[in-house]
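Mind docking chain B on chain A? Use the hints.
Protein chains: 2
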Amino acid sequence: MVKEIINFETSPAEYRHWKLNIDDAVARLEMNVREDETLGPGYKLKLNSYDLGVDIELADAAQRLRFEHPEVKVIIISSIKPRIFCAGANIYMLARSSHAHKVNFCKYTNETRCAIEDASAHSGQRYIAALNGAASGGGYELAMACEEIYLVDDGYAAVALPEAPLLGVLPGTGGLTRLVDKRKVRRDRADIFATLAEGLKSHRAKEWGLIDDYFPSSKFQAAIAARARELTAATLEQKTGPGIRLNPLQVEVSSAGREYAYVSLRLNREKRYADLTVRGPEANQPGTPEEIHKLGDGYWPLRAYRELDDALLHLRFNEPEIGLVCLRTEGLIENALAVDRTLAAHRDHWLVNEIILHIARTLRRLDLTAKSFFAIIEPGSCFAGAPLELALAADRAYMFSDPRRKVEVAPSPMNGGALPMSNGLTRLESRFLGDPQKVDKILKAWTRLDTEAANEAGLITVASDSLDWDDEIRVAIEERTSISPDALTGMEASLRFAGPETLDTKIFGRLSAWQNWIFQRPNAIGEHGALISYGKPSQPKFDYRRT
Amino acid sequence: MVKEIINFETSPAEYRHWKLNIDDAVARLEMNVREDETLGPGYKLKLNSYDLGVDIELADAAQRLRFEHPEVKVIIISSIKPRIFCAGANIYMLARSSHAHKVNFCKYTNETRCAIEDASAHSGQRYIAALNGAASGGGYELAMACEEIYLVDDGYAAVALPEAPLLGVLPGTGGLTRLVDKRKVRRDRADIFATLAEGLKSHRAKEWGLIDDYFPSSKFQAAIAARARELTAATLEQKTGPGIRLNPLQVEVSSAGREYAYVSLRLNREKRYADLTVRGPEANQPGTPEEIHKLGDGYWPLRAYRELDDALLHLRFNEPEIGLVCLRTEGLIENALAVDRTLAAHRDHWLVNEIILHIARTLRRLDLTAKSFFAIIEPGSCFAGAPLELALAADRAYMFSDPRRKVEVAPSPMNGGALPMSNGLTRLESRFLGDPQKVDKILKAWTRLDTEAANEAGLITVASDSLDWDDEIRVAIEERTSISPDALTGMEASLRFAGPETLDTKIFGRLSAWQNWIFQRPNAIGEHGALISYGKPSQPKFDYRRT
Numbered sequence: 006m007v008k009e010i011i012n013f014e015t016s017p018a019e020y021r022h023w024k025l026n027i028d029d030a031v032a033r034l035e036m037n038v039r040e041d042e043t044l045g046p047g048y049k050l051k052l053n054s055y056d057l058g059v060d061i062e063l064a065d066a067a068q069r070l071r072f073e074h075p076e077v078k079v080i081i082i083s084s085i086k087p088r089i090f091c092a093g094a095n096i097y098m099l100a101r102s103s104h105a106h107k108v109n110f111c112k113y114t115n116e117t118r119c120a121i122e123d124a125s126a127h128s129g130q131r132y133i134a135a136l137n138g139a140a141s142g143g144g145y146e147l148a149m150a151c152e153e154i155y156l157v158d159d160g161y162a163a164v165a166l167p168e169a170p171l172l173g174v175l176p177g178t179g180g181l182t183r184l185v186d187k188r189k190v191r192r193d194r195a196d197i198f199a200t201l202a203e204g205l206k207s208h209r210a211k212e213w214g215l216i217d218d219y220f221p222s223s224k225f226q227a228a229i230a231a232r233a234r235e236l237t238a239a240t241l242e243q244k245t246g247p248g249i250r251l252n253p254l255q256v257e258v259s260s261a262g263r264e265y266a267y268v269s270l271r272l273n274r275e276k277r278y279a280d281l282t283v284r285g286p287e288a289n290q291p292g293t294p295e296e297i298h299k300l301g302d303g304y305w306p307l308r309a310y311r312e313l314d315d316a317l318l319h320l321r322f323n324e325p326e327i328g329l330v331c332l333r334t335e336g337l338i339e340n341a342l343a344v345d346r347t348l349a350a351h352r353d354h355w356l357v358n359e360i361i362l363h364i365a366r367t368l369r370r371l372d373l374t375a376k377s378f379f380a381i382i383e384p385g386s387c388f389a390g391a392p393l394e395l396a397l398a399a400d401r402a403y404m405f406s407d408p409r410r411k412v413e414v415a416p417s418p419m420n421g422g423a424l425p426m427s428n429g430l431t432r433l434e435s436r437f438l439g440d441p442q443k444v445d446k447i448l449k450a451w452t453r454l455d456t457e458a459a460n461e462a463g464l465i466t467v468a469s470d471s472l473d474w475d476d477e478i479r480v481a482i483e484e485r486t487s488i489s490p491d492a493l494t495g496m497e498a499s500l501r502f503a504g505p506e507t508l509d510t511k512i513f514g515r516l517s518a519w520q521n522w523i524f525q526r527p528n529a530i531g532e533h534g535a536l537i538s539y540g541k542p543s544q545p546k547f548d549y550r551r552t
Numbered sequence: 006m007v008k009e010i011i012n013f014e015t016s017p018a019e020y021r022h023w024k025l026n027i028d029d030a031v032a033r034l035e036m037n038v039r040e041d042e043t044l045g046p047g048y049k050l051k052l053n054s055y056d057l058g059v060d061i062e063l064a065d066a067a068q069r070l071r072f073e074h075p076e077v078k079v080i081i082i083s084s085i086k087p088r089i090f091c092a093g094a095n096i097y098m099l100a101r102s103s104h105a106h107k108v109n110f111c112k113y114t115n116e117t118r119c120a121i122e123d124a125s126a127h128s129g130q131r132y133i134a135a136l137n138g139a140a141s142g143g144g145y146e147l148a149m150a151c152e153e154i155y156l157v158d159d160g161y162a163a164v165a166l167p168e169a170p171l172l173g174v175l176p177g178t179g180g181l182t183r184l185v186d187k188r189k190v191r192r193d194r195a196d197i198f199a200t201l202a203e204g205l206k207s208h209r210a211k212e213w214g215l216i217d218d219y220f221p222s223s224k225f226q227a228a229i230a231a232r233a234r235e236l237t238a239a240t241l242e243q244k245t246g247p248g249i250r251l252n253p254l255q256v257e258v259s260s261a262g263r264e265y266a267y268v269s270l271r272l273n274r275e276k277r278y279a280d281l282t283v284r285g286p287e288a289n290q291p292g293t294p295e296e297i298h299k300l301g302d303g304y305w306p307l308r309a310y311r312e313l314d315d316a317l318l319h320l321r322f323n324e325p326e327i328g329l330v331c332l333r334t335e336g337l338i339e340n341a342l343a344v345d346r347t348l349a350a351h352r353d354h355w356l357v358n359e360i361i362l363h364i365a366r367t368l369r370r371l372d373l374t375a376k377s378f379f380a381i382i383e384p385g386s387c388f389a390g391a392p393l394e395l396a397l398a399a400d401r402a403y404m405f406s407d408p409r410r411k412v413e414v415a416p417s418p419m420n421g422g423a424l425p426m427s428n429g430l431t432r433l434e435s436r437f438l439g440d441p442q443k444v445d446k447i448l449k450a451w452t453r454l455d456t457e458a459a460n461e462a463g464l465i466t467v468a469s470d471s472l473d474w475d476d477e478i479r480v481a482i483e484e485r486t487s488i489s490p491d492a493l494t495g496m497e498a499s500l501r502f503a504g505p506e507t508l509d510t511k512i513f514g515r516l517s518a519w520q521n522w523i524f525q526r527p528n529a530i531g532e533h534g535a536l537i538s539y540g541k542p543s544q545p546k547f548d549y550r551r552t
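Which chain is which? The protein sequence lines are A and B, in order.
Under the working numbering, think of the first position of the first sequence as 6, with each following residue one higher.
Under the working numbering, think of the first position of the second sequence as 6, with each following residue one higher.
Please keep in mind that the hints were generated in silico from the structure rather than gathered at the bench.
Don't take every hint at face value.
Copies of the same chain look alike in the list, so a pair counts if it fits in one copy or across any two.
Here are the simulated lysine-lysine pairs, DSSO-like style, with alpha carbons at most 30 Å apart [what the hints assert, rightly or not]:
1) 449 x 189
2) 443 x 189
3) 187 x 211
4) 51 x 541
5) 86 x 541
6) 224 x 446
7) 189 x 299
8) 449 x 187
9) 541 x 411
10) 276 x 224
11) 49 x 541
12) 276 x 546
13) 189 x 211
14) 449 x 51
15) 446 x 189
16) 211 x 51
17) 187 x 546
18) 189 x 224
Note that the structure is a prediction, hence the values are computed from the model and not measured.
Excised from the complex, chain A in its bound form (with noise of 0.2 Å):
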């Protein structure tokens, strides 16, 4: 049985599809879409139209900017093509791909412009988007994701959301959240802009704030220089490089699963789970920024979540079949919470800030996966702090109970406040929405949590007598992966994120439910649907009954 895997790993030396230029203060990240270059069979990436591949790129400079320049205050994100600065997601590779790989593509764009977004918030690296040429569908959402878009006025450049009227599905990547509730542009403009498949020009398009100016062609370059050198005179923050090298990860791929050095997925494919274990650190871990820096990729923190986050997208995209992970973690309690000493007593420091702002983005792309999740709590395990947050990600936790055998949780600063969750709570706070105040205790009162206070303090869904132990982890896993995976779906993205909604939980749930629903209508991806017609001569044939 031969699959495509695909791999989420890359470097600027490997990138086809962006040129990644570092001047000091000011990047340049340009894209240049190779048309041959794709990631799959049967459709070219012509007008820099993106499919998967380009944005895997995307991801790793916006990630690479952070850890290995953190002197770039300013990413100038523009096109190297004349006259055209993206035409979206490629639409042939939409109507060829699976529902799923539809789904997740979307998801996992939606991620990078989310990371784009908590790099501009949280590590002073501001992404303005030059557009030299038309931004259409996915190339105007991406712009949308920058903080300020500035649009080139030579009579033919506009922004357009052309997906409703010409593919019948939605901007698929947070554009119309990202339209009425980031750009706050007017819901009347917003439902012409989004249905007017030419997009607007440079004034029209400045006056509903769909960009934030325009210049002429040839005072366009001049004026994105000006605009970039008054941001990074502006920006107070001054960090100071060197960055650090992020190496590619190493990994041992079976047919078993996948070894790194900190993390291994192993899969049971029969019974349609997975053991995701995380390997707590060594003693003796740096306790300087320095020695940190010193040891750059290869400290506890960084490597782990970078495999972790690997092995989540590697389940998303190469494992459909798996539908339950089963979250483990093997090491020494006191380990964890010296890591998390030193992060928190080191946050200021630039690296331990994008070290944590990892972390968490780790953390969040666990929670959109569209699998569950168990926490296996068993001894020899070390859910404490950071990787206790793994236990409160979870659809349950099963702590394990024997009073000659002793598990313990714990919980550190770092479950306060450092790790929120789409919502913007932390998963503590999301936890005990009715009971705030237990919140507190837990982080003031205990410093470690037998089975029993585990329970009581309500940290833990189950605690298993040791008797019981391996018949209930095996029936609530056989239960849990006989359930319908499409319920299974929409039940764990509507109970994973009670409380408030950002413009993050706004995209992944509403925006996208609502495109997944598009996604499996006839009238998107039927024999006459817009989307399998699109470039065909035939026109699309719509069932015009509303839903």
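Frame of chain A; chain B shown alone:
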């Protein structure tokens, strides 16, 4: 062409499934669904399961209690059938319904439950769920719409959400959202509960917050009665009856549409759009609560919005091919504003309060209707005050422009908070999220705005010169109705609800969108899907790939 037209009007004398008894301040609303009295063929409503016909009666009862029985402070929802409260939406009905009917059915039942919560919150009519037996699926969701839930402890009775494990769908009437967001049940417990077909009984159900308390069978009725007395005694508000009677709407039905006293619905089926016209009030409307009470349901704002509500429901269920509704008004602005002044001045009177709350619910029904809405503002129209909300609720507003024939719109204090959207904001606040000072300016600076001023103020989308008017409207209608209806539904659901999210928007946005997705999936509705297989000897067969 014969079509089954669903009728949304009923009255207690006609109820087939509910019994409404009123004893001073306490009403009992008892479910006793007649198996054979279904809205459609091919299923039986066993075990107090329901179809739309059952819910139309429930919605009617909740509505009448507000207007006809203002003295009622507590409504006890229970069942007459022994050992069964309610088994939820009828599964055979769902399995044989079209996708559009399933979606519209869930939306309507959700709106009924939101109306129950609205009565608890704003009308001093608090709902208690007295679960004398099993409350399963939609039965438990109905209970969660009540302020308090009590369960009989007879060794059998349980609350349950068996949709995911048994049927491969979600609890479609707000259950998951109310579980974690209203009752704030811990997410891992909610996860277990929503995958446990048999549900949970008294003790565990109370411990997890699924119910408020439980009582043994022998003491159940007495305990509920005592709680009702406590609640009535604690209600400070002393509304004095008598109420007013809600008489049947007078409507003339033809193939061309529906003609009510103040509302006309005219269908252009060939072009897939409808004109929905609200005629404004006559001069000399009553100015005091006493006069309004005397006029009863003939009072313009009550009658006009009851008619509008009925027309919207008719459009949703009975006219699926109509994709666009042009909202029009006819009448004198001064008459509309005079009514608003009366409503605003006497809001502390129970009947005026109910009328305002009813207008607000009707407008929210419009916001949530999956049709495009264009407001058409022409000479002779009266988009003023509450009717101006029709233009603000519309996806676009087109306003006629001709210096020789002035058209005006007019804000009133009613646009300033009395008629909130589901997101908790006014339509003006939602419109001007990016420019909030405009809201105040509009409410304070103007009594009337002509086309130029309305355009300048941002109240309309397009000001169209009288010479181009007919063409512009015709082209706009043709363009709109040519777009994929599914893309429009997803787009409008995203653009209409910018800003904050509430329980209601989470239910109608996130949860409903996921449910609609699942209702399209082969794992639910395919030949071997769980919804289709229910009650058959064969087990469902799932495609286990997670999406």
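Results for each hint:
1. For the identical chains of this complex, residue 449 and residue 189 are inter-copy neighbours only, at 23 Å across copies versus 40 Å inside a copy, given an alpha-carbon limit of 30 Å.
2. For the homomeric pair residue 443 and residue 189, the shortest alpha-carbon distance between copies (14 Å) is at most 30 Å, but the shortest distance inside one copy (37 Å) is not.
3. For the identical chains of this complex, residue 187 and residue 211 are intra-copy neighbours only, at 15 Å inside a copy versus 41 Å across copies, given an alpha-carbon limit of 30 Å.
4. Taking the shortest alpha-carbon separations for residue 51 and residue 541, only the intra-copy value of 16 Å comes in at or below 30 Å, while the best inter-copy value is 51 Å.
5. Proximity of residue 86 and residue 541 under a CA criterion of 30 Å is satisfied intra-copy only: 26 Å inside one chain copy versus 59 Å between copies.
6. In this assembly of identical chains, residue 224 and residue 446 lie within 30 Å of each other by CA distance neither inside one copy nor across copies; the values are 59 Å within and 38 Å between.
7. Proximity of residue 189 and residue 299 under a CA criterion of 30 Å is satisfied in neither setting, with 44 Å inside one chain copy and 46 Å between copies.
8. Within a single copy, residue 449 and residue 187 get their C-alpha atoms only as close as 36 Å, which misses the 30 Å cut-off; across copies the closest is 27 Å, which meets it.
9. For the identical chains of this complex, residue 541 and residue 411 are neighbours neither inside a copy (66 Å) nor across copies (48 Å), given an alpha-carbon limit of 30 Å.
10. When the C-alpha separation of residue 276 and residue 224 is checked against a cutoff of 30 Å, the pair qualifies neither within a copy, at 61 Å, nor between copies, at 48 Å.
11. In this assembly of identical chains, residue 49 and residue 541 lie within 30 Å of each other by CA distance solely inside one copy; the values are 15 Å within and 48 Å between copies.
12. Taking the shortest alpha-carbon separations for residue 276 and residue 546, only the inter-copy value of 15 Å comes in at or below 30 Å, while the best intra-copy value is 42 Å.
13. Within a single copy, residue 189 and residue 211 get their C-alpha atoms as close as 13 Å, which meets the 30 Å cut-off; across copies the closest is 43 Å, which misses it.
14. In this assembly of identical chains, residue 449 and residue 51 lie within 30 Å of each other by CA distance neither inside one copy nor across copies; the values are 57 Å within and 53 Å between.
15. For a Cα distance limit of 30 Å, the shortest separation of residue 446 from residue 189 across copies, 18 Å, qualifies, whereas the shortest one inside one copy, 39 Å, does not.
16. For a Cα distance limit of 30 Å, the shortest separation of residue 211 from residue 51 inside one copy, 28 Å, qualifies, whereas the shortest one across copies, 60 Å, does not.
17. Taking identical chains as interchangeable, the C-alpha atoms of residue 187 and residue 546 are never at most 30 Å apart, the minima being 34 Å within one chain and 43 Å between chains.
18. In this homomeric assembly, residue 189 and residue 224 come within 30 Å of each other (Cα to Cα) only inside a single copy, at 28 Å, whereas the closest approach across copies is 56 Å.
When the structure is compared with the earlier hints, violations turn up for hints 6, 7, 9, 10, 14 and 17 and for no others.
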